[in-house]
Amino acid sequence: METADPRWPLKLWVSMVAGIVILAIIRGELPGIGFLLGIALVPVYFLALTSLDGPIEERTARVGAIVVSVVLVGAALWLAL
Numbered sequence: 004m005e006t007a008d009p010r011w012p013l014k015l016w017v018s019m020v021a022g023i024v025i026l027a028i029i030r031g032e033l034p035g036i037g038f039l040l041g042i043a044l045v046p047v048y049f050l051a052l053t054s055l056d057g058p059i060e061e062r063t064a065r066v067g068a069i070v071v072s073v074v075l076v077g078a079a080l081w082l083a084l
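Just so we're aligned, residue 4 is where the sequence shown starts under the numbering used here, counting upward by one.
Taking CB as the label site, the calculated pair distances span: (1) Phe-38 - Leu-84: 15 to 21 Å; (2) Val-71 - Phe-38: 16 to 22 Å; (3) Lys-14 - Leu-55: 18 to 24 Å; (4) Ile-42 - Arg-10: 14 to 20 Å; (5) Trp-81 - Tyr-48: 16 to 22 Å; (6) Arg-10 - Ile-59: 15 to 21 Å; (7) Ala-51 - Val-20: 15 to 21 Å; (8) Ala-64 - Ile-25: 30 to 36 Å.
Since the hints were derived computationally from the structure, they do not count as laboratory data. Think of the CB as a built atom: it goes at the ideal place given N, C-alpha and C, for glycine as much as any other residue.
Sequences and hints are given; from them, build the entire structure.
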């Protein structure tokens with residue numbers, strides 16, 4: 004199995020955050036807290052994809068299941084409050 008470079012997710016995340024900050028400055032308003040939280044989870048998702056062993060389909064399924072579980076638990080907690 005080939006080893007992925009763990010730096011590319013961080014580069015992708017930094018460029019995405021930079022684009023959002025530039026857009027926020029141009030528009031004059033900040034994105035919502037949920038959107039910012041989602042942005043914070045992007046590098047975690049990509050780092051998980053690069054650190055797990057196995058074929059890409061299996062890694063994507065594992066990480067996707069974790070992400071969906073976290074989103075559902077977060078939504079349930081948000082609705083409970």
